[in-house]
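Protein chains in written order, with the working numbering: chain A, 1 to 511; chain B, 1 to 297.
Since the hints were made in silico from the structure, they are not lab data. One should not assume that every hint holds.
What the hints assert, rightly or not - Now the stretches of chain A that chain B is said to cover, found in silico as 3 or more residues with beta-carbon under 8 angstroms: (1) 36-46; (2) 177-187; (3) 379-387.
Even glycine gets a Cβ: it sits at the ideal position worked out from N, Cα and C.
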Amino acid sequence: MFRNLCLIIFIALAGLTGCSAPDSSDTLSISGPFEPISLDPARSGYIFSRMQVIETLVDIDNKGQLKPGLATRWEHSKDNRVWTFYLRPNVVFHDQSAMNADAVVNSLNIAFSKPAPYPQDLVEAVTALNESTVQITLSRPYRPFASLLTNYTTAILSPASYNESQEITKLSGTGPYQVEEFQPPHRVGVTKFQNYWGEPAHVSKVVYTTGHRAETRALMVASGQTDIVYNLDAASVDLLKVSKKAKVDSTLIPRTILIKVNASYPALADVKVRQALSLAIDRQGIATKILRVEDIEANQLFGPSMGVWHDATLPPAEQDVKRANALLDEAGWLQDDSGIRHKNGSPLKLNMITYANRAELIVIATALQNQWAQIGVDLRVHMENASAIPSGHADGTLQLALMARNFANIPDPLGIMLADFTSTEGGDWGPMGWQNPSVFSALSALPLVQDKKAYASQVQNIMHQINADLPVIPVVFYMQQSAVAPRVENFSFDPYERSFRLSDITLKPAS
Amino acid sequence: MAWSVGTLTFVLVRTLPGDMAYKIAASRYGDDAVSTASAAAVRAELGLDSPAWQQYFHWLSNLITLDLGDSLVSGAPVVQELQHQLGYTLLLAVCAMLVSVIIAFPLGILSGARPSSAVDNSIMVGSTFVRAQPVFSLGLLLIFLFAMELNWLPVAGFGEPRHLILPALTLGLSLAAISNRIIRSSTINVLHSAYYQFARIKGMSRFSTFCRHGIRNILLPVIAFMGIQLIGLIEGVIMVESVFAWPGIGHGLSHAVFARDIPMLQGAALVFGLMFVALNTLIDVCCARLDPRGVRQ
Chain A
1 MFRNLCLIIF IALAGLTGCS APDSSDTLSI SGPFEPISLD PARSGYIFSR MQVIETLVDI
61 DNKGQLKPGL ATRWEHSKDN RVWTFYLRPN VVFHDQSAMN ADAVVNSLNI AFSKPAPYPQ
121 DLVEAVTALN ESTVQITLSR PYRPFASLLT NYTTAILSPA SYNESQEITK LSGTGPYQVE
181 EFQPPHRVGV TKFQNYWGEP AHVSKVVYTT GHRAETRALM VASGQTDIVY NLDAASVDLL
241 KVSKKAKVDS TLIPRTILIK VNASYPALAD VKVRQALSLA IDRQGIATKI LRVEDIEANQ
301 LFGPSMGVWH DATLPPAEQD VKRANALLDE AGWLQDDSGI RHKNGSPLKL NMITYANRAE
361 LIVIATALQN QWAQIGVDLR VHMENASAIP SGHADGTLQL ALMARNFANI PDPLGIMLAD
421 FTSTEGGDWG PMGWQNPSVF SALSALPLVQ DKKAYASQVQ NIMHQINADL PVIPVVFYMQ
481 QSAVAPRVEN FSFDPYERSF RLSDITLKPA S
Chain B
1 MAWSVGTLTF VLVRTLPGDM AYKIAASRYG DDAVSTASAA AVRAELGLDS PAWQQYFHWL
61 SNLITLDLGD SLVSGAPVVQ ELQHQLGYTL LLAVCAMLVS VIIAFPLGIL SGARPSSAVD
121 NSIMVGSTFV RAQPVFSLGL LLIFLFAMEL NWLPVAGFGE PRHLILPALT LGLSLAAISN
181 RIIRSSTINV LHSAYYQFAR IKGMSRFSTF CRHGIRNILL PVIAFMGIQL IGLIEGVIMV
241 ESVFAWPGIG HGLSHAVFAR DIPMLQGAAL VFGLMFVALN TLIDVCCARL DPRGVRQ
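Take the sequences, apply the hints, and build the full model.
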């Protein structure tokens, strides 16, 4: 009876809207939370890079090692100021024009004039030495420069992509897929580019649809409507693990959920307080109960995929409320009858901001609120826009911020460390008001170290000091979860989130 | 109207907490790339340091020439973005209204014809249940039923007619849950009125009495109520568009608030305002046509 009633309503509505039955398409359908708002790589390059429309001079492998992209090799002067890139031959843009040094110079000059996650004044000049060689001169020595050129904002576009005002009117890159349809901010349709320089794509058409909510995306793949969905929330992962229509892929990525600390704020200036806050965190509980993932507790800033910057010998981070209480006592913060700690008449009240775009952050923040209450800390949590973090850093009002810091924007951590950990100014998404002259000078000298062993040893020494001094408090490493339909073969997740690796994918024929 | 809506939007957005340049930078470049440097670049590019009155008069002079400006986030002309989004929202709103009419009228009349009967009570319980659900939750329930269990419809998306069914049904059901109760009350009033009883006593059949003296009189308060319901429709559209990944103006509007995208907000509010005026005028015209007594006086 009920089923029949549903059928009647369905038929009525189908007639109303001219419904067609779902087709068994050979189009790969994918969905994620990213909203492509523009064709400009500076604004929406992260989606066009993931869709393999645009490519950069330098590429990166799963372990963060640089590898040739549109440049087959590169070299630099001894002082790391002059960099020469040798371009890959026989590469054509989607508009069929050839990729040569002039096109690369034009593209990079425009890219370097726009906001990007690296210092704006770094590049002094980009010149074409000949048809296939480009030289970039920097304003100062910069050892991790090649890794900057993996960032999507430096993608190489055809000269015909730009109008006279250097705005992008037609996105013509060099990737295995070209843009066929663009409906900002909800859909990008791409088709296979026949003249791609590398291994051609297998699936001829891919459509990306923005799925605003994680719940909706999970249901899209569980119902068989979509082949791959990215960025699942923990609750949806549970649902999909029991579904036969999708497999969950979990990949550890170079992103850490951490607490940014304003070390110039009186209550947080004492390292004992920061250590107590860190010891009071039940990381295992957060990992297994909130994020539903095992073994991602962060005992240091960088995760296991970050090469020498990760110290595998460090013991796991375990909650120790007793030790945390002892440290606060030592620091002079004493508990009163209400359970809140006080020092010189002031209560240990802290404000923490976090943001809504990553749904798990607010849940983790409320867990921290509870865990820190056990050691007498009164934590207030404020939901904000992500921009409140750099804004609070700039005006000095921020006390604590819970955030998911992306370390893949510039794959060589040296770039991030030089920007964030070499002065008391810190970084928008890094430390704030933290002083450690020994780390500052050791880091500043690091780019000059040529010997690999010495370099690794100095990195370990620096990270040891940072992990002890806690200018930021790591909570958990980030596990990216995606769901994939059974008909999709050769799926893999790029931990550096630069590519959806669509060109590797094949689709099983419908049985 | 355009001036008042635009001015109010401008004042409200300027009084929201937080630095506009940072909010715009976050929407433009994404959470991972928002920084003081990108916010400074946005501030310089958009002249956000100039006094608010200068920005306001710049907008006002553009409005006089029918130029709504460019989105601060995407850089595309606001008119272009609104055209794209408004088409989808209107399609969804019209279909939702149709669905609500198709559902609410038979149920309301059935309830009104037999008040306090088992049918009336069941419809009342059903309506209360549907109305008690937030639109978001109702949408998820329908997704579970039609997309997951029965596998008849897609969960979300757009581009094909079948993508429209679930969002339209969600909104339509939510609207019908109230309007069927108004139709019921109106039906009871009309069926118990002296003129209706007189028509029956003078020997007209049940059917022709209903057609000649019932429908028009029942419709009057219902159509007026549907005008008021448009406000609820807009509220529901924002949530439904988000759940079903529908590319409409409601979703665009909510993102413009987060991004402090003043030109988009002013444009969207302006379009909403004009739509309200146009639809309310349409409702008034319909009511006047149905009940010409006021016109004669």
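Here's how the hints hold up against the structure:
no.: 1; hint: 36-46; result: holds (count 6)
no.: 2; hint: 177-187; result: holds (count 5)
no.: 3; hint: 379-387; result: holds (count 4)
Checked against the numbered hints above, the structure breaks none of them.
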